[in-house]
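Could you build all of it, start to finish, from the sequences and the hints given here?
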Amino acid sequence: MTTSLSYSSPKPSGGFELWAWLFMRLSGLALLGLALGHLVIMHLLNNVDAIDYNFVAGRYVGWFWRGYDLAMLLLAMLHGLNGARTLLDDYVPARRRRAAVTLLYLIGAVFLVMGTVAIVCFTPVTAPHS
Amino acid sequence: MWYRGGVGQWSWILHRVTGVGVLVFLCLHILDTFLIILGPEQYNHIIALYRVPLFRVMEVGLFASVLFHALNGVRIILIDFWVDLTRFQRRLFYAEVACFVVVMIPVAYLMLRPVFGW
Chain P
1 MTTSLSYSSP KPSGGFELWA WLFMRLSGLA LLGLALGHLV IMHLLNNVDA IDYNFVAGRY
61 VGWFWRGYDL AMLLLAMLHG LNGARTLLDD YVPARRRRAA VTLLYLIGAV FLVMGTVAIV
121 CFTPVTAPHS
Chain A
1 MWYRGGVGQW SWILHRVTGV GVLVFLCLHI LDTFLIILGP EQYNHIIALY RVPLFRVMEV
61 GLFASVLFHA LNGVRIILID FWVDLTRFQR RLFYAEVACF VVVMIPVAYL MLRPVFGW
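Chains P and A, in that order, give the protein sequences. Counting from 1, one number per residue, gives the positions in the first sequence under my numbering. Counting from 1, one number per residue, gives the positions in the second sequence under my numbering.
Think of the hints as simulated: they come from the structure by calculation, not from any bench. Careful, some of the hints might be misleading.
[Said to hold, decoys possible] Okay, derived cross-link-like pairs now, EDC-like style, lysine to aspartate or glutamate, Cα gap no bigger than 20 Å in a straight line:
1) P:11 to P:90
2) P:11 to P:89
3) P:11 to A:59
4) P:11 to A:84
For clarity, every value in this text was computed on a predicted model and none was experimentally measured.
Here it is as structure tokens:
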């Protein structure tokens with residue numbers, strides 16, 4: 001490994017860590033559009049006063065926004081989990097590291113399933129007039 | 001873990017802090033969205049939390065965290081793939097901060113306008 005001059009993680013020489021390094025950069029670029037786009041749509045083009053059950057129901061009529069949200073959920077969660085793993089590697093003592101990373105992945109998996117279920121299975125019922 | 005001082009140190013710490021902040025929010029946001037299964041009335045009640053003034057200020061912080069993390073990530077990618085840019089890394093960081101400020105001023109104004117009645 002060479003010394004990092006960019007203050008980012010040095011590029012790993014191979015194996016899982018190299019793929020993880022590459023994934024962070026590629027998913028980061030995708031999320032630049034997806035996550036910032038999501039914030040612009042929800043907080044600038046619309047705003048929190050407009051967002052309610054009917055708003056979600058209207059957005060989720062077709063599959064485009066479900067697909068958008070699903071891609072964002074998956075990439076953001078994997079990007080976040082791998083980032084958190086890096087922090088655990090740095091700050092958790094070696095003897096507890098394995099348990100900490102396992103716990104992190106378990107929690108991540110639960111949230112990933114919850115998010116996927118919400119996006120895929122949502123079927124609007126007749127909403128009350130607000 | 002600690003880097004030698006200077007702008008690299010700050011960008012590195014801020015990248016970690018904003019990363020953790022956004023991940024924690026992501027989990028809360030998955031939870032509130034998941035609760036849509038409870039039905040319209042309950043979901044509308046839960047999602048109204050986002051309209052509380054304190055929450056709106058925190059949403060500006062969320063926007064700022066995602067924006068900083070994104071811009072700093074772009075700087076990292078540029079330097080990782082075009083090593084020559086390392087010579088300009090300090091100037092790149094200042095350019096990043098300038099972009100951040102230029103974008104955040106109108107964003108904060110637009111997001112906080114309803115709270116302060118601007």
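Results of checking the hints against the structure:
1. P:11 to P:90: Holds - the C-alpha atoms of residue 90 of chain P and residue 11 of chain P are around 16 Å apart, at most 20 Å.
2. P:11 to P:89: 16 Å, holds
3. P:11 to A:59: 34 Å, violated
4. P:11 to A:84: Judged against 20 Å, a Cα distance of about 16 Å means the pair holds.
The structure is inconsistent with hint 3 alone, although it conforms to all the rest.
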